[in-house]
Every structure is written in C-alpha cells, then in structure tokens.
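A.B. asks: Chains A and B supply the protein sequences, listed in that same order. If you count by UniProt numbering, then the first sequence holds residues 1 to 340, one letter each, in order. If you count by UniProt numbering, then the second sequence holds residues 1 to 359, one letter each, in order.
Some clues are possibly wrong.
[Said to hold, decoys possible] Cβ pair distances, simulated, as ranges:
no., chain 1, residue 1, chain 2, residue 2, range
1, B, K10, A, I5, 40 to 46 Å
2, B, P93, A, L7, 32 to 38 Å
3, B, P150, A, D223, 52 to 58 Å
4, A, S264, B, S323, 51 to 57 Å
5, B, G97, A, S264, 52 to 58 Å
6, A, D84, B, P181, 50 to 56 Å
[Unchecked claim] Only pairs whose alpha carbons sit at most 30 Å apart, straight line, appear in this in silico DSS-like list of lysine-lysine:
no., chain 1, residue 1, chain 2, residue 2
7, A, K169, B, K127
8, B, K95, A, K114
9, B, K87, B, K46
10, A, K92, A, K215
11, A, K114, B, K175
12, B, K334, B, K67
13, A, K58, A, K92
14, A, K114, B, K33
15, B, K67, B, K46
16, A, K166, B, K87
17, A, K309, B, K117
18, A, K43, A, K24
19, A, K36, B, K117
20, A, K36, B, K175
21, A, K92, B, K175
22, A, K215, A, K235
23, B, K33, B, K67
24, A, K166, A, K309
25, B, K334, A, K36
In short, the hints are calculated from the structure, not lab data. From the three backbone atoms N, C-alpha and C, an ideal C-beta is built for every residue, glycine too.
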Amino acid sequence: MQTPIPLTQKAAVLEDYDKDIVIKIDHPVVQPSELKPNECLIKLEYSGVCHSDLHIRKADWSRKSILPLVGGHEGIGRIVAIGDHSHAGGAKIGDRVGVKWIGGVCGRCEMCRKGHESCEPNPLHGTFQEYVVSFVDYVTPIPEGLDGASGTPILCAGMTVYKALKQSKCSIGQWVAISGAGGGLGHLAVQYAAAMGLRVLAIDTGEAKREMVLKLGAEKWVDFKESEDLIKDVKAATDGGPQAAIIAAGDARPFNQAIMYLRSTGILVAVGMPAGAGLLNSLTIVGSAIGSQQDAAEALEIAALGKVKCQYEVRKLEDINQIFSDLEEGKVAGRIVIKL
Amino acid sequence: MSEPTFDIPKIQKAAVVAKAGSTVQVRNDQPVKSPADLAPGECLVKLHFTGVCHTDLHAALGDWPVKPMIPLIGGHEGVGTIVAIGKNTSHSPVKLGQRVGIKWVADSCLNCEQCRKGHEQNCYNVKLSGYTVDGTFSQYVVSYVNSVTPIPDNLESAAAASILCAGVTVYRALKYSETSPGEWIVLPGAGGGLGHMAIQYAKYMGRRVIAIDGGEEKRKLCEELGADAWIDYTVSQDIVADVKKITDGRGAHAAVVTTASSSGYVQAVDYLRENGHLMAVGLPGDAKLDASIFFTVFKGITIHGSYVGNRQDAVEAIDIAASGAVKCHYQLKKLSDIEQVYNDITNGKVAGRIVLEVV
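Let's have the full structure, built from the sequences with the hints guiding it.
C.D. replies: Spelled out as structure tokens, the structure:
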C-alpha cells in the first residue's frame, strides 16, 4: 500500500444538535504516527446509515454523544496504517475489513470472557468520513468477493438480526414474525430467517415493502396499518401464532402485540428495548443488542454465500441531512449506503 | 505515583528436561529474560509455588501424540508476582506487584474462530505452559498480561496453585455435564490430584458423588471430602452393579473420568443411566475409549471431551476455592525434589496433589 495518506478529508460533522450536519472537506485525518498500539487507520469504501445514527443526531438517548461528532458505524474499507508496537496477531495493512457499532472491547472483563462483547472503552468517531480509526483486534475480516455496498449493512443491521434469530432458538419449519420487515434490519431478518429454514411472517406497511419482502423469502404478510385486528391476523397466518417474534422497533406497541400473538413458550427477541410490557404465557423475552465477533463472522459468511442480499440505495455523504429526514419520515425501504 | 521495583537476576534455578525421556535436571544457570526484551503484552512473573500435574510427566517423557518443545522447562500451575511488564503494553489488566496464576493455556489469541466461540483452550495459536513455551518449574517465567489469572487476596499461593489446572479442569467438566443438583456423578480416580477436587466442586454444586479409587488412604480422603458413596476398584467384583445399587438401580447421571489410564473409562457407558453424560478428562497417551456403539446410541449417552477451561472457567474455579468451598490437598516439596516427585507419580503413590515451593 504505497498511496500516501492525506492530511485532510471529507467528513460529515455534527457540531450542534440544533443545526444541520456540516460537510467539511478539510477535516483532519489521523496520521499513522498518531495511532496508538493496536489501532489501525482504514480508508473506507462505504458507510451504512442506521436509524441509531438518527437517534444520536437528535440526542434522543439519555447518553449523549461527544461533540463535535463524526457519526456512522457500519463501514467497509482497507487498512492503510497500523500503530507502532501493535501486536502481531491482529489485522494487517492491506486487509479489507469491516467497522461495526462496537469499535472495540476490552476482552478481559466478565462480560467479554463470557462472550457477551458489550463493553466499549470510549466513544469513537465513526464512518461518515473517508478515513476512520479502529482496532486491529476488533475489525471484522470481509470475505473475498463480498460486494462493499451490499456488505456494509451486514456489519450492524445484518449481524444484529442474525444474532437475534439465533437467540430465538427456532428450528426449521417454525414460524417467526418479523416486525418492521421492510426496513433496514427487517428485510435482512427476512432473508436470514429464510436461509435458516424458518417460515416468515412479515409485518410492515405499504405495497412497496410488501412486494420486497415476499420476493426476499417472506411467506406471509400483514399490513399493520390496514389490519383491523393485528393479533388475530398474525395468529391466523401462522397456524395459531409464531414461535418467535423479532421486534426491531423501540416502540411498545409491536412489543405488546407480540406478547399476545406469540405461541405459548414462544420467544420474543427485542432488538432495542421498549418501556412497559407484560409477561404472559411462559414466554421468554430476550433483549438483543448487536452481537459478538463470532456473530459478525457468521453473518458475513451467509451474505457472502449469496443467501442474503441487502436491498440498498447508494447516496452521497453530502446528502446526509436529507437522508436523516427520509429515515425520520419512514420513507426508506431497505438500507441507504454512502459511497465515500 | 510510585510503582514497585524489583531486582531481576540474569540467571535462575529451573528444572530442565534436555530431550524426551531424559531425566529432569535442576540447573542454577538458566537465563532469565530481561525486562527490556519483553514484547508488548508479555510480563515476567517471579514464581513462589507451582503444582505438579501428571501432564508434566507426560511432557518429560514425550509420550503424548502431540510433542512438547525441547529442551523443556515444564510446569503449568504457577503462582507468583508480576515483576516486569513489556514496554508499550496497552491497557494491561494486571499491574506490577500483582499476584497471578499461570495456567496450561499460557496465552490464546482471542481472534480465531475457536477463541471467538469461547473455546480459548482450543485456540489455533495457543501457547501451552511447560509444553510449547517455558513453564513454571523455574524461578522466573515469561507470561501474558491478558491471560494470567489474578489470585484473590484471601486465597494463599500454595493453595491456589493446583486450582489453576486440576481445579479448573474438573470444575469445567462438571459445569458442562448437564446435570442438576441432586443428581449422581461417578468420579473414577476420585482420590487423585483432579479427582479429590472434583468431589469438592461437585458437592459445592449440589450433586451426589460416587467416588471410585483404590486403597484405604484414598477412601478416607474421599469420604472426608464429602463423597456420598465409595467403590474400591481393586476389591469390587462388578463396578456396574455397585453403581446401580447406589443409584436405585438406574445408574448415574454423569461420570467425570480423571484417571490417567483407560481403566476409568471402562464400563462408564454401562453404569450411566439413559441420557447420561460421560465427561472424558484424563489423558492417557495411547488408549482408546471402548464404548459399545449400540448402548451409547440406545441409551442416548453423550461423550464429551473436556479439556482444561477458558478464562471465565478459571475465574469461577478460583473464586469458588477462595470462598473456602474447595481446598486442594497437597504435599509441599521443593523444586529441587522434582525427579523424585515424577517417580512417585509414575508409581501411583500420590494422593491429592504435590506443590513445589520454588526455591
């Protein structure tokens, strides 16, 4: 890799929650000499956009981001530099790797030792820029031949729903309901579920989403806006209720509906925890947040085998404010990826 | 902030096996790696105590299908103090002066498929103490900040030593045995280094224990440690019948076999009840597990190979020992006694464990 690393780059910077994101063309690039041991600099091909990025941009969560902030947490690119004194066993210069929501974990605490890689040392700048800093031990190798644009959303959306499906403990032939099936996570969940031999009931609204999910492997569809009794319709469609429901919404309503339509002993996997719901019917409720390195590797492998194809639209970094607007208005089917 | 400082010598005492089958030699001129030469992530540990494991004997003899390095400094149950940490080590979870344990798995990469799945002991890039990297039969050893196990203040070093291999190994086997409190576990070799700790962990976990071993000394030890029943294999005419008699005619729910020969595996499938679990732990170099395929299938028996443990298993096993629920029974000897210790182990003369003071 002999291409020199520039001193400045294009980046989408959030400086003030009340103002538009600013596109800077002279945002500094962390130089190789500034990289700490085990850090790496990645030149990105693509960055995905996740609804979480919108929540962060709007300061919706109780824990606020640092400011100024370069958002974004789904990226694929090549390592162009590694910090001095990095250990030998991690990723190397030239490797094509993925950057995820969790930039790095400590690897030594109880949660890490148990495989729940959920600790994060410090908030990090993300993938809405051309060059991002990550960690040689936590970037995910990208399988050869996996397209950058369709592969990028696997790094958050894909692995998250894949792991959620693993946690549903469904076996071949069982029904799973996917709430929000036409969205960024949902449409990937439909495909992973179909690849895992499950029968998929897709819940969302609108003709465009209906057509898409049925093409991607959903067997049945319920439109939550048109349905007069969602619980009844879901039960009827799934021979008495699905064994599992993947709820990729933070809203309490789909969650509470799932509690009512799930088959007895079923599992509700909440990707994002809503407030307030009841526990009935020997159900198991699982809060599922992203996944581990192993989940990421498996999710990417399944995508590389062609069993899961992200439906995406490519847009430019300069359109970031419009993109967030569109997400907020529910106008996005599938995923948006930004070419950097 | 003042950090502790240590005087680190250039040479040390160590027990070295020159090549497979050689007699172990205690030398006083083994070089010590200089702190300046430690790579990032490495640490130098001054050892106080080290347990001796039957594996160390296999290493010295070179009689396993997987061969050790030569020349070899054996040992993998070491407790000592960190006296140096490699320059440019980032985010070390341990500090200078901290008391830590060194296990069989000296280091795992945490990046390969096995590590990502939590099976750190099967890491494709694993370093094994006293087998592929220098072990703990020496005064100083190089280890790895991410893999050493901190020893709690209320657990003494000599008592902690054998938890690091024997304890972790039997604890993990019990953890994955898929048994519930009240269920019966057979422990062939219950009086040995691993076996006697298996009794204690099993009792702590609420199981009922059938101890199998030979001789009066081992019987006393097993019963003292809480075994619910005892079978002397040198006397019994029919172990299967004896186990079934103790367990209402049905057989035991699991067996954790820690014997160093195939004898402990004989008949395990027969004395387990339907859907029982056989945890294979002991490592005879050249022995086959003779299990009736018909009965393994028909009874739904699961045979698990259970090999040491990962970092989480080690922390749990150490915490249980620190609570006082598990105490290693050991004889204290010195590093210079190592040759005699190997002879005693070979002749089956050791009840419990031997721990060496590293002097």
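A.B. asks: Can you name, in rising order, the numbers of the hints this structure does not satisfy?
C.D. replies: 4, 7, 10, 13, 14, 16, 20, 21 and 25
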